[in-house]
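Whole structure, please, built from the sequences with the hints as guidance.
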Amino acid sequence: MLRYTVRRVLMMVPLLVLVSLGVFALVLMIPGDPAITIAGENATEAQIDATRERLGLNDPVLVQYAAWAGHALTGDLGSSLFSNESVTGAIAGRFPVTLALTLAAMLIALLIAVPAGVVAALRRGRWQDRGATLFASVGISLPNFWVGILLIMAFALAFPIFPAVGYTPISEGVGAWARGLVLPGITLGTAVAAEITRQLRGSLTDTLQQDFIRTARANGLSARAVVLRHGLKNAAVPVVTVIGFQVGFLLGGSVIVERVFGLPGLGDLAIRAVLQRDIPMIQGIVVVAALIVMLVNLAVDLSYGWLNPKVRQA
Amino acid sequence: MTEPLLVVEGLEVEFATDRGWVQVLDGVSFTVGRGETVGLVGESGSGKTVTSLAVLGLLPAESSRITAGSIRLDGRELVGLPRRRMEALRGDELSMIFQEPMTSLDPAFRVGDQIAEVVRRHRGGSKRAAWARAVEVLSTVGIPHAERRARSYPHEFSGGMRQRVMIAMALSCEPKLVIADEPTTALDVTIQAQVLDLLRAMRDEFGTAVVFVTHDLGVVADICDRAVVMYAGQVVERAGVDALYEHPRHPYTEALLSAMPQLTARSGRLATIPGSTPPAGAMPPGCRFHPRCGHGVDACRDTAVAEHPLAEGGTSRCLRVSDLALKGSA
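Residue numbers (this note's numbering), protein chains in the order written: chain A, 1 to 314; chain H, 1 to 330.
To be clear, the hints were calculated from the coordinates, so they are not data collected in a lab.
No false leads were slipped in.
Simulated pairs of lysine-lysine, DSBU-like, Cα-Cα distance not exceeding 30 angstroms:
#, chain 1, residue 1, chain 2, residue 2
1, A, 233, H, 127
2, H, 176, H, 127
3, A, 233, A, 310
4, A, 310, H, 127
Which residues of chain A face chain H? A partial, calculated answer using Cβ under 8 angstroms:
#, residue
5, 210
6, 211
7, 217
8, 307
Cβ atoms here follow ideal geometry from the backbone N, Cα and C, with glycine treated the same way.
Below is the structure:
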């Protein structure tokens, strides 16, 4: 397992290089001269030249990349073109909000999906299964900004149980922090729950027809132990894969949901950066998002090794 | 006189199909004594596996039902036993070994943990004690370095070794009865012999009664005391193994015996039984074997045949049982 882990971690290095190249190429791909964009519409030729020199845009591309990547490795992603705020600092300030939102959404999704998927697999073809399948189709189809607005109307305005907008840092009280995450968490988690339910139902149905399940029953293990121990662990590989994918979806979805609920997270920061063409900020956010996705994939791959011992040898 | 360990009486089972409920077992009766080995013999589709799953209470709840009959283990009725009580018996008083050693163990758990889980389920006790018991049974079934191998996963064992693990798991709580469903069919011939030897040794060591489900009469001769021959969901002959081989009393048994390859007669084609087992729900009237039988008379075609008790013990479900002299195996 240790060798498998080390090998898997080393595989991330070339991937990181590729991501950084892609992110850096963003600057080159933007039409027009970034120096003109940055220096402003009314800048003189001299001012634009000065800006170009200051940004190192006259250097060969490889030198520019090396400088940028070198700084990035030390945690310095440059500073915002507009506020002069450090990109790393801005991201660090916003990251806890997005992390909390993502975790809340995933927690809510799992709380719905695991029981729903297990019940659907055990009661295949009956009303419980039909209900779970219907929920899955509807949940995937509903646009999450619309779900969010409905939830605000119902549980923040009509019945003011939860706050409609805003974020309370955890340092100001765990209760208030958690309450603020319920509605956005449900909004973002519904589609994820639907997807995981669907996957778990299919995967567990297959697993429960395997010979080793019959062996477990023939040796007297209780129905509960058979399903929850032997069934779920073997059914988990495709489900964990989907969960990994869904983290990427959550990061994307949080862009909208953070807007709807007025949460100062990475998604909100990303929208602002894109609208302002704040290139270092966009680069920084993309690098961090890519890093998160890669770490999630690492966790998913490591879990394969635990769930399916055969993988460790591969 | 006390009752034999396992008594199956008039067992009838139906399966749900697109055409409604179809009978797959018709009045199956047999007994297994303590420490006895009984062969349950027949072609695919004869009902031998359904019979063994019924005894363990493992028939699929939604698509099958027992409509009549009784299954008693040690005097206790198993038909209609509540699910939880049946679960508690399985693995403890009776257990089963399956045909596919490659897929019958959970790939995600160490074999020692899988056996220890069964031990703890029935015997309770600490994890450490259950693990020690798992190592002990693994070593009993001939797994070398059992202490270390208990930590291995199923994919790290060969087919024969996995079957030994299956046997270890089935015997871990010393059940009174083990049903072995074609436990050697998927294995190489040399490994088959080893596994048969092991089953024999385990039977002798633990005094476990064994129901050996197979289509291979050679294996039955090798290991069983008595045989129950099944055809199309019915028991057609019951006899001691020696009597069965020397003087089969049902044409189907004769046909099975003649279909066994003989080392002494190398020339010519292997004998086969013409036709195939009728599908459930489309049983011929009269004797179910008559369309494939070489000894049939008109009466076989329309009279349902009952089991005739035989003077030497055993039964035969053949109308002509008293006037046929059937060929045994040399």
